[in-house]
Structure formats: structure tokens, C-alpha cells
Amino acid sequence: MKGRPPPVPRDSVVLTGSDLSLEDLGRVAYDRELEVRLSDEAEDAVNRSRDYVESLLGEGGQIYGVTTGFGRLAEVVIPADKRETLQANLIRSHSAGVGELLSMEEVRAIMVLRANALSRGHSGCRLVVVKRLLECLNAGLHPAVPGYGSVGASGDLAPLAHIALAILGEGTVEYQGSLRPTGDVLKELGLQPLILREKEGLALINGTQATTGIGTLAFLRAVMALESAELAGAMTLEGLKGTPEAFRPEAQAVRPHEGQATSAARLTAHLGDSEIRESHRHGDPRVQDAYCVRCMPQVHGAAREVFRYVRRILQTEANSTTDNPLVLPDVGAVISAGNFHAQIVAQALDFLAIALADLAAISERRIERLLNPDLSGHAPFLTRNPGIESGFMIAQVTAADLLAEMRVLAHPASVDSVPTSANQEDHVSMGLAAARKVRRSVECLEYVLAIELLCAAQAVDDLAPLR
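One point on numbering: in the numbering used here, the residue at position 46 of the sequence shown is 92, and numbering is uninterrupted.
Each hint should be verified, as a subset may be incorrect.
Each computed EDC-like pair below joins lysine to aspartate or glutamate, with the alpha-carbon atoms no more than 20 Å apart [to be verified]:
(1) Lys-287 to Asp-319
(2) Lys-233 to Glu-181
(3) Lys-177 to Asp-70
(4) Lys-287 to Glu-414
(5) Lys-177 to Asp-97
(6) Lys-177 to Asp-90
(7) Lys-177 to Glu-89
(8) Lys-287 to Asp-507
(9) Lys-177 to Glu-87
(10) Lys-287 to Glu-321
(11) Lys-177 to Glu-81
(12) Lys-177 to Glu-79
(13) Lys-287 to Asp-335
(14) Lys-128 to Glu-105
(15) Lys-177 to Asp-57
(16) Lys-287 to Asp-508
(17) Lys-177 to Asp-86
(18) Lys-128 to Glu-100
(19) Lys-233 to Glu-216
I should point out that these hints are in silico values taken from the structure, not numbers from a laboratory.
Given only the sequences and the hints, what does the whole structure look like? Please build it.
Pasting the structure below:
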């Protein structure tokens, strides 16, 4: 009798702690068939870090969060026989989030980022803890994580604690499309709950991964939206019988912002060999188009510059250690520092929300020009039977509603610090709020651009037989 065929190897992403790309993070978030594993070097780094913690424990020194309480309770020394209880209680007490659950994709992104941070070997946890996090991820076990519960300093404590509960075999997880008790799912998978040892509870929750994970997935959607914005803008120009003269490379060369030049080139490429353009190249009484059409390279290009900055910040944060305290065996030190403070990520995401709002604003103005018969040269609201039909009249109202919300969302979260923890944590980033805002802002922008694409397609269609 023939044996079973060998299993088909899964495509994989290997974590080293230093080179996880935003695109690979997105791939893992959306594709549960991808396997995530540690590199050999990362495993060695984790083991060295844990060995160093064990050596310090053997010497009897006091280490924050290892032999002491947390936050304002850092002065409380924890007896050796209570330290495992300390770590478990930390996870349970900090699982205090509320609100709508994060999406499966967002939870997966956070899990990957936390494993990647731990793999850098600055956290002091055992290798088995990091591997358990990845075992859960690879098995499609996704902890239920409420969307509210972090101020983006001292780490995204509540969201990460809800994920860490799964390692303890507690809480609720999404598995194969259903929410179920974690313990039941672990039993089905043949996995035993882990008992966390010194430092490990703190290592699992002290970091910026919720802010960074949610923000990164929103950013990746924004990148696609920007490409859609330039396609929509080019179609609108065609529908209005506009001129691409303002996009000529000579005009960009005298103001050499890279984003502006890129957007101008993209718009020009979309327009290609246009019959519509040829129909009015000569004898057109208009000297120049309105700003919402003519200045697309300047506005879209400004967004490209913001995107470049945001990408750099998110890429660096995805491959950073954001624990406290930092365990640095190579220099023989445990340092209480502030790498958990997400201000740089929060500000980047706030900046992104501003750029997205402006992309929506200029798109909405292009929609107006397409629908207004005094500006477009088309029938009112692009309808074939004005009066009997309203055409796209209310589609623009929807775009205006979305834009108004985006302008509210453009208010920065990162300037609204609210002190917590008995004023020990007296300046915080509100990074998770910034991530939630930009996630919603991207969704609104996608709708606005979809409306512009519909209107522009109708306007171009009305110019037939030109194309």
C-alpha cells in the first residue's frame, strides 16, 4: 500500500527581528496559509537574552517587572515564589479592553510584530514563549482583542494582554470562523497552556505593536488608494476635456520635489495616447484648468512625500525593540528606558490622516466639476434625462459627508496626552487612537475615490465615440 504523499510545504516568512517588510507583514495578515517562523539567529538571540535574565536572577538583584511590581508599584519587591503568579496576574489584569473586536487581519499583524520584536533578543523571555505565539498564528488561532484600551505609552498594554491570554489558555479566540474559549481550541490542537516565568508577561505586552500593526495595514490600503486617486484624476481630466500640459516634466523639474514628479509622470502615463485630448488640442479657448485638475501633481505629490515618511517610520518600528526594561546581554545591562512610547508612530499616522483628507478634498472638488453643468460641459449631474433622473446628484452629497468625517479624523490624536497610572505615565502618545483614526480615514477615502471613478467613467462615456 502506498504511503501518504508528503505534505505540500507552506510558503513562509522568516523573522530575524531586523528585516520584516511592511508588505510581508500585510501578506501574513491577509493570508493564513503563510507560515511564520524564526531564523536560527533569532532563536539564538532569544536564548542568550533569557540566559542573561536567569544569571541575574541567580545573583539576587532587583529588576523592574521581573522581581518588582509594575508602574507605580515598581517599589514593591516580589518574593521568588510569587513571580510566576505576578506575570499571569499582569496579563489578566491588563486584559481590560472594550469595544468592537479588532479584525482577524489586524490581530495577525500584531502577533507577527510582537514575535518579531521578541526575536531580537532584548526581552528576556524563553524561546518557547515566542514559538507558542507563532504556533497560535500558524494554526489560525486569533485572540479576540477589543479595539479600545491603549494610550500608546508603556506599550499597547490591553490589546497585547488580550493576545497573551491565549498563551495562558484563557480568554476567547477566533478559530475557523467562530469565537470559542481558548482552552478548548488549544486542547484540539494538542497544545498545553504555558506558565509564564519572570519577565515573560511583561515582555508580551510592553510594546507598540497594536498601534504599528493597525497603522501598517491602514497604510498599505492608503498606498493603493493613492494609485486609485491618480487614475480617477486622469479620468476626470479626460471627462472634462482638460489639458495635461501642467504635467509636463519640464514643469516639475523647476520644482524638484520627488513626489510631485512621480505623480505627474503617473498621470501622464494614465492619459497615454488620448483621442479625447487630440479632439481639443488646437483651438481650445481655455488657457488652463481649475486647480483641482491642474494641481494634482502638487497635491498628490505632497501625499507621496508623506507616505514616504510614514513608510520609513513604520518600517523602523516594525523591526525595533519596544520593551521595558531592555535586556541587553551583549553589553551586560538591563536598562529601564522609554522605547514603549509610540509618539513617533502616532505623529506619523496623524500626518497620514491629514494627507488622506486632502486627497479626498481634491477628489470631491473634481466630482463637483464633473457634475456641475456650468463647469463640465455635460448634462447636469451627468444624467441622460435631467429632471426625470437625478444622476449622480446624491453621490456627491455622500462624498461631502465622507470628506467632513475625514476632516474631523485629521485632528491629531498625538497632541491629546492624558496622564495615567497615578501620574507615573504622565505623557502618552495616544498612538492606538491615531491608528484607529487613519484606518477609518482610509475607508472614507476609498469611498470618495470610488464615487469619482463612477462619475469620471460616465463623463468619458458621454464623450463617445472619442476614447
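Here's how the hints hold up against the structure:
no.: 1; hint: Lys-287 to Asp-319; in the structure: 14 Å, holds
no.: 2; hint: Lys-233 to Glu-181; in the structure: 13 Å, holds
no.: 3; hint: Lys-177 to Asp-70; in the structure: 19 Å, holds
no.: 4; hint: Lys-287 to Glu-414; in the structure: 15 Å, holds
no.: 5; hint: Lys-177 to Asp-97; in the structure: 17 Å, holds
no.: 6; hint: Lys-177 to Asp-90; in the structure: 13 Å, holds
no.: 7; hint: Lys-177 to Glu-89; in the structure: 9 Å, holds
no.: 8; hint: Lys-287 to Asp-507; in the structure: 12 Å, holds
no.: 9; hint: Lys-177 to Glu-87; in the structure: 14 Å, holds
no.: 10; hint: Lys-287 to Glu-321; in the structure: 10 Å, holds
no.: 11; hint: Lys-177 to Glu-81; in the structure: 12 Å, holds
no.: 12; hint: Lys-177 to Glu-79; in the structure: 17 Å, holds
no.: 13; hint: Lys-287 to Asp-335; in the structure: 10 Å, holds
no.: 14; hint: Lys-128 to Glu-105; in the structure: 18 Å, holds
no.: 15; hint: Lys-177 to Asp-57; in the structure: 18 Å, holds
no.: 16; hint: Lys-287 to Asp-508; in the structure: 12 Å, holds
no.: 17; hint: Lys-177 to Asp-86; in the structure: 12 Å, holds
no.: 18; hint: Lys-128 to Glu-100; in the structure: 16 Å, holds
no.: 19; hint: Lys-233 to Glu-216; in the structure: 12 Å, holds
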